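Assemble the whole structure, with the sequences as input and the hints as a guide.
Next come the chains, spelled out residue by residue.
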Amino acid sequence: MKGMKIVVCVKQIPDPATPGSLDTSTHALKRDGKLILDDSDAYGVEMALQLAASAGGGEVSIVSMAPNGEMSGMRTALAMGAVRGVLVSDPALAGSDALTTAKVLAGAVQKIGMPDLVIAATESTDGYTGTVPEQLAEVLGLPSVTFAKKVKIEGAAVKIERQTESGYDEVECPLPVLVSVTAGVVEPRYPSFKGIMDAKKKEIVTVTAADLGVSPVGWSGAGQKVSSVTQAEARKAGQVIEDDGEAHAKIVAFLENLKVI
Amino acid sequence: MAVNNIWVFAQGANGAATTFTLELLTKARSLASNVSAFVAGDGTSLAGELGKYGATKVYSTGDLGGRLVGVAASAAMKALIDGGDKPDLILFPQNYDGRDTLARLSVKLNSTVLTNNIDISVNGDEVVATTPIFGGNVLFATAFTGAGPHLASFRPKSFAAEPSNGAAAQVVAVAVPDTGVTGAAKVTAVHVEESTGPKLDEANIVVSGGRGLGESKNYGLVEELAKLLHGAPGASRAIVDAGWVPYSYQVGQTGKVVKPSVYIAAGISGATQHMVGMKGSKNIIAINKDKEAPIFAVADLGIVGDVHKVLPKLIEALKARG
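As given, the protein sequences belong to chains V and X, one line each in that order. Residue 190 in the numbering used here is what sits at position 190 of the first sequence, and the numbering runs on without skipping anything. Residue 368 in the numbering used here is what sits at position 107 of the second sequence, and the numbering runs on without skipping anything.
Calculated from the structure, these hints are not laboratory results. What you are looking at is a predicted structure, and each value in this text was computed from that prediction instead of being measured. Think of the CB as a built atom: it goes at the ideal place given N, C-alpha and C, for glycine as much as any other residue. Among the hints, erroneous ones may be present.
Selected chain X positions facing chain V (Cβ under 8 angstroms, derived; list incomplete) [unchecked claim]:
{"id": "1", "residue": "N377"}
{"id": "2", "residue": "T403"}
{"id": "3", "residue": "G444"}
{"id": "4", "residue": "R472"}
{"id": "5", "residue": "G475"}
{"id": "6", "residue": "L575"}
Here is the structure:
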């Protein structure tokens with residue numbers, strides 16, 4: 001399908017390598033430092049670029065939502081090869097729940113124009129509510145195939161291998177459709193130097209939730225409130241030994257003691 | 262709004278209700294007197310077992326004819342609710358079809374969702390769900406503020422399944438409304454990945470491997486050890502993403518939750534993502550060459566050493582025992 005239009009939803013998150021922390025007054029996850037493209041979304045961007053290429057040309061756009069105008073993660077996706085982005089940024093969005101997020105992203109997708117394919121990760125690395133892609137499909141009135149581990153376009157339809165509890169299903173769906181892809185579905189490319197330079201010139205349109213007509217958003221629209229935050233009972237560390245060449249015997253003794261061997 | 266009426270999104274496999282379903286039913290009946298099961302498929306054959314665990318009614322859509330569950334089940338639930346059959350709370354399993362259905366229904370009802378929970382409590386009008394964050398070190402409790410039905414999903418093994426020995430649930434056939442273009446996706450073939458030995462999430466012993474194994478062929482050591490111990494092999498997300506083993510092997514936040522008697526982590530550093538899925542194990546043995554690895558903070562026996570040396574010797578020692 002030539003000239004295929006694809007929109008990928010991307011999230012910009014705090015670097016997962018640094019420990020997360022909660023805002024002491026709101027109990028929201030702190031996202032005030034530098035944000036990066038969620039690794040889970042790099043797979044979606046790569047998948048979109050490959051599908052567009054194999055379709056003989058197409059256009060990959062990205063949409064994202066962030067309360068603080070952050071764009072660095074989106075620039076990474078543009079450096080990989082996406083052509084433009086829409087960022088919904090609005091301080092009012094802080095504290096938004098998954099449903100509000102889906103409504104906001106739906107507005108952003110519609111701002112670009114309804115594509116043939118919407119791609120998202122199955123869940124974000126930092127919040128992992130895991131419902132936004134399917135909620136977004138429902139808001140947009142689209143069919144959806146979640147947890148895709150293989151995606152192919154054939155004519156005006158997608159053919160997908162979808163993970164199940166016991167293996168996988170083959171699923172077919174006519175376009176337009178929303179697909180959520182699992183990590184590992186493709187190998188994300190590293191942005192080239194030229195890609196990084198080009199990305200600086202690509203357009204990111206910034207809009208507010210109000211511009212998109214989505215309200216209420218943020219804490220007031222969330223339908224939930226923090227009740228308590230407590231420390232879980234910590235698991236005690238046991239014995240830690242350096243292997244002196246005989247550590248396997250310790251494991252055998254440990255298993256014997258438990259009567260599992 | 263007190264909670265009197267709870268639905269459980271119930272699932273069957275090989276003609277029986279899943280353990281996950283029975284866990285949720287057990288919890289539901291501790292919260293409310295009126296518990297119903299909703300089956301996106303044939304609920305008739307499950308009615309006896311669902312009743313035994315506390316469901317008085319089972320809504321059954323019958324065979325979905327290749328339609329995906331999320332769209333069909335959420336539309337059928339919405340039709341029931343619009344018809345006046347309205348629960349105060351719906352409990353979903355945190356799995357593929359549970360998540361899809363929960364998400365679609367939340368848009369139809371304009372209700373928030375609380376996911377990844379390990380507990381839920383009802384205090385008068387307040388319904389509070391609890392989810393572990395930061396690798397399970399912090400428990401985050403959230404209350405619903407809007408009108409019901411409240412929608413929540415749970416991790417497997419959050420509750421123990423205990424029968425109430427109730428009578429078979431009354432079967433109520435429900436129709437799936439026309440879902441238009443949203444229902445356009447169709448399953449054309451089903452593939453079951455055969456595995457021998459105990460299932461990962463039911464095994465008494467689990468041996469998991471991670472990036473520390475170095476390369477994919479060394480995963481054979483993990484499989485061999487698991488087999489010798491009559492356990493199941495598992496994996497960290499890192500080596501699943503790298504394509505060494507299928508996703509069905511993954512233990513962790515986005516994979517399976519395991520609580521075996523013994524969990525052996527070989528070459529796994531203990532990322533938050535992984536710890537969430539195995540911290541509930543009764544005994545944990547960790548082998549890792551980095552003595553600072555977070556996995557040692559939860560291990561009952563930690564071996565700072567090279568998995569390529571320790572595992573072969575351990576396998577030999579176990580074989581020698583016969």
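Hints, one by one, checked against the model:
no., hint, in the structure
1, N377, "holds, 7 angstroms"
2, T403, "holds, 5 angstroms"
3, G444, "holds, 7 angstroms"
4, R472, "violated, 14 angstroms"
5, G475, "violated, 16 angstroms"
6, L575, "holds, 4 angstroms"
Of the hints listed earlier, those the structure fails to meet are numbers 4, 5, in rising order.
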